[in-house]
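Q: One letter stands for each residue in the lines below.
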Amino acid sequence: MDEIIIKVQGLRKTFKKLRKKEGFLSSFRSLLIRDFEWIHSVKGIDMEIRKGEIRGIIGPNGAGKSTTIKMLSGILFPTEGTVDVMGFTPWLDRERYVRHLGVLFGQKSQLWWDLPPIDTFLLIKEMYRIPEEDFKARLNRFKSMLQIERIIYQPVRTLSLGERMKCELVCAVLHEPPLVFLDEPTIGLDIVSKETIREFIKQMNRDKQTTFIVTTHDLADIENLCDRVTIINKGTIVFDDSMERLSSYFSNRKVVEIKFTQPVEEKLLDSYKVISSGAMSVSIEIDTGEFDLKKVIFEILDRFPVLDVNIMNIPIEEVIKHIYSHEEKVVGYGEKVGVG
Amino acid sequence: MQTVAGLLRLYVYHMKMGISSAMIYRADFITGVFVSIFVSGIGPFVQFLYFTHSRGYPEWTLNQILLFQGLLLLWFGLRDLLFGQVRNTVMDMVWKGDFDRLLLKPYPTVGLLLCSGFQLHGIGSCIAGVLVTVLAFHRLDVSINLWTVPLLIVALICGVVLFMAITIFYCSIVIMLIQISRISELFDRITDFANYPVNIYPLALRVVMIVFLPFAVWTYYPTQILLDRLDYGIWFALAGCVGVFYLSIKVWYLCLKMYTSAGG
Amino acid sequence: MRIFLKSIHIALKVNLAYPRDYLISLVIHPFILILNIHLFTSIYAYSEVSHIKGYSLSQMIWYYGATTFVWIFIFNFTDRRMSNYILTGELGLRLLRPVSLFQYEMANAIALRIVGILFEFIPGMVIYSLIYSPNFLTIASLLKFFAVVALAFVLNYVLNFIIGVTAFITQNNAGFKRLLGAVTTLLGGAMIPLDFFPGWLQTVCDYLPFKYLFYEPVRFFINHGDISTAEAFYRVIFIDIAWIAALYIIAKIAWKLMLKNVVVAGG
Chain A
0 MDEIIIKVQG LRKTFKKLRK KEGFLSSFRS LLIRDFEWIH SVKGIDMEIR KGEIRGIIGP
60 NGAGKSTTIK MLSGILFPTE GTVDVMGFTP WLDRERYVRH LGVLFGQKSQ LWWDLPPIDT
120 FLLIKEMYRI PEEDFKARLN RFKSMLQIER IIYQPVRTLS LGERMKCELV CAVLHEPPLV
180 FLDEPTIGLD IVSKETIREF IKQMNRDKQT TFIVTTHDLA DIENLCDRVT IINKGTIVFD
240 DSMERLSSYF SNRKVVEIKF TQPVEEKLLD SYKVISSGAM SVSIEIDTGE FDLKKVIFEI
300 LDRFPVLDVN IMNIPIEEVI KHIYSHEEKV VGYGEKVGVG
Chain B
0 MQTVAGLLRL YVYHMKMGIS SAMIYRADFI TGVFVSIFVS GIGPFVQFLY FTHSRGYPEW
60 TLNQILLFQG LLLLWFGLRD LLFGQVRNTV MDMVWKGDFD RLLLKPYPTV GLLLCSGFQL
120 HGIGSCIAGV LVTVLAFHRL DVSINLWTVP LLIVALICGV VLFMAITIFY CSIVIMLIQI
180 SRISELFDRI TDFANYPVNI YPLALRVVMI VFLPFAVWTY YPTQILLDRL DYGIWFALAG
240 CVGVFYLSIK VWYLCLKMYT SAGG
Chain C
0 MRIFLKSIHI ALKVNLAYPR DYLISLVIHP FILILNIHLF TSIYAYSEVS HIKGYSLSQM
60 IWYYGATTFV WIFIFNFTDR RMSNYILTGE LGLRLLRPVS LFQYEMANAI ALRIVGILFE
120 FIPGMVIYSL IYSPNFLTIA SLLKFFAVVA LAFVLNYVLN FIIGVTAFIT QNNAGFKRLL
180 GAVTTLLGGA MIPLDFFPGW LQTVCDYLPF KYLFYEPVRF FINHGDISTA EAFYRVIFID
240 IAWIAALYII AKIAWKLMLK NVVVAGG
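Here the protein sequences line up with chains A, B and C, keeping their order. In this text, residue positions in the first sequence follow numbering that gives the first Met the number 0: the first is 0, and each later residue adds one. In this text, residue positions in the second sequence follow numbering that gives the first Met the number 0: the first is 0, and each later residue adds one. In this text, residue positions in the third sequence follow numbering that gives the first Met the number 0: the first is 0, and each later residue adds one.
Think of the hints as simulated: they come from the structure by calculation, not from any bench. No false leads were mixed into what you were given.
Going by beta-carbon spacing under 7 Å, a handful of chain A positions derived as facing chain B:
#  : residue
1  : I74
2  : L75
3  : F76
4  : E94
5  : V97
6  : R98
7  : V102
8  : D113
9  : L114
10 : D118
11 : L122
12 : E125
Calculated pairs, DSBU-like style, for lysine-lysine (alpha carbon to alpha carbon, straight line, at most 35 Å):
#  : chain 1 : residue 1 : chain 2 : residue 2
13 : C       : K5        : B       : K95
14 : B       : K95       : A       : K135
15 : A       : K15       : B       : K256
16 : B       : K249      : A       : K6
17 : A       : K15       : B       : K249
18 : A       : K207      : A       : K135
19 : A       : K233      : B       : K95
20 : C       : K12       : A       : K107
21 : A       : K50       : A       : K142
22 : A       : K50       : B       : K256
23 : B       : K95       : A       : K42
24 : A       : K142      : B       : K15
25 : B       : K95       : C       : K176
26 : B       : K95       : A       : K15
27 : A       : K6        : B       : K256
28 : C       : K12       : B       : K95
29 : C       : K5        : A       : K16
30 : A       : K124      : B       : K15
31 : A       : K107      : C       : K176
32 : B       : K95       : A       : K107
33 : A       : K142      : B       : K95
34 : A       : K50       : B       : K95
35 : A       : K16       : B       : K256
36 : A       : K320      : B       : K95
37 : A       : K16       : B       : K95
38 : A       : K201      : B       : K95
39 : A       : K107      : B       : K249
40 : B       : K249      : A       : K124
Remember, predicted model here, so these are calculated numbers, not experimental data. Built from N, CA and C at the ideal position, the CB exists for glycine as well.
Given the sequences, and given the hints that come with them, work out the whole structure.
A: Shown next, in the form of structure tokens:
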């Protein structure tokens, strides 16, 4: 259960990038003289992922996150460093390694457009040499879990995005790989479809201890699915800890949303740290290290005509925005992974 | 060996899917076949015109060239049928950035590319080729002896192997250069040299086409086999096909390595 | 008119962004030339003649080279661009512009060809001449060639525009386009000089506009036949312009019809 399935040490990747400039003459020039610069995309990453985890790997665009994933999946050679996944070095043992890997790209499809999904499933059965009984059993299970009994026999082009995504998911897990990469698995989906897909992922994780690595910009996915989150920014890891730590990152800070029964003058709220305000509502931030939360709340209830009060942690978006915009490493990173 | 068997099964599967896809757009497909037959007929027509206004090619009569044209069309159809789709597939993939997906499949990437090559449209040229060949048989005195059929089969297999090699070279260049769109045309203009009997070329070029880039094995030698005027050059050609194939695989792996270190 | 020139300018910038594509063509041309050299030298030698249908060996070899050059001058993919507009829904956007689609596409086509001429024709001409000298070329024939090929460009553009408009109505007609392309090149003299056709086929070609796309410009380029007289030159120009005018009218009619029928869907 606590076996480490992915071990990354000192991973680095540097690219050569051609410098391109505007204008007619410089296109000519680029034919003769190659102007390039070094891009340090990944600058030393260490990471451990345990079997049965659902790990979120997130980061701003261009942070080196997709480059890291590519190296973990074996389609890119690193400049330096080692990666061990289930005993394989991904880019060296690619063909054998990839048999144990499932991948879902939310923005690209591997289903044949004109044919029903079942045909693509059969192709995958062929490719991964899935035995007939296993194939039937798994397909039946997926059909009921995702409610796709009928649609798998209709041409892909007639399906809605939600239905297509469910079939894409089946493609990724049909050969029951111990490790699955999910890239934007719920992009563009309605809330019900998102739920179904998340449930499916969690169910597979429970039943088969499948390890999932989720990369996404959808924070609801992260909150809902992931046990641990790794945040990569500017080529290095800036956060690597559990979801709880992430949500209570600013554990000292609380956000209080207050609705009033009548408009309140702005001046009266001057003594508080106002984040946002509407005609009859306001959001304020309270540093619980400095102030007693109880006292402040009672004070507000006393002074103002309050209709409703809501106390919460700093929303995850704010936490992540904060982490994205800072480079220093964060509390929680560097501590070796304990149990749970 | 298991990989090869697996790839063959994959090829058959792709073939079935390709046929299913084509049948969905049946009307388009059938008109496409008729158009193919007509368009491929233009080549022989042009050659025919050259022949009627001059003495033609040395060592070839009109009927013999007719046989050559028939086999040429048959070859075009066959190679398009087997691997015609590979060029579009690989260009499309690299353009859209989908190529990485192939690398995540448990098979040699070049095998996967070749497996996706089935193109039902090639049948048009095959039909035209069969028609012209039958016409030529009718007008010539084609003798079939004990050795004809095995030799033809060997030539065919080596021809297919050579074409696979050329296609692999094409794929290698595409993943290296990505954006250049006229590579296909360049390859076509080079293989155009195979559309004429090799004796119109000077000696140096003839040697290249028989030994080093044995295009002659596609149409020239099969025609010579049927006309019963085979020369020993064919053995060099057959060996050359295997050699070129081996080279193409080496080049491919080199290019793939460069692709995977540059991140595409 | 200013807008027209500006459109050309912008299209030029777009096309000049990738000069590497044109370099490949410089590699392609020698292969075509070498094949033709061997093919025709062999035919002429075996037949022991110096002229076939009025073409000397060098003229024959250069016929295909000239066809390729004409292709550089007249090529455009306006029809594909236009069917793309329907697919991507961009058509509505284009119709809102202050320039008529006809002129806009023409500006694009012109820009495309200017780049082609600079990067393909001029270097190509140099390479060809180095490999096999064009001993038939004269200044007069070259100038007449430029005039005829300019008209061929307009003719090809109008033809493509009409095809593009009909594509709006018949959504997916790839097979039809292939067929049309093959017929155009065959009857236009791009695959073989029209003099080689049997008499009846030549008459058919006379009644079609296609020979003004390839055959006529090439004839002037390689200085074949009776082109040296002013009368022959003006006759070609006159018929050429007549065809362009006729097709332009057809294009206009087709365009109006299409606008009435096609609903520009939103979103």
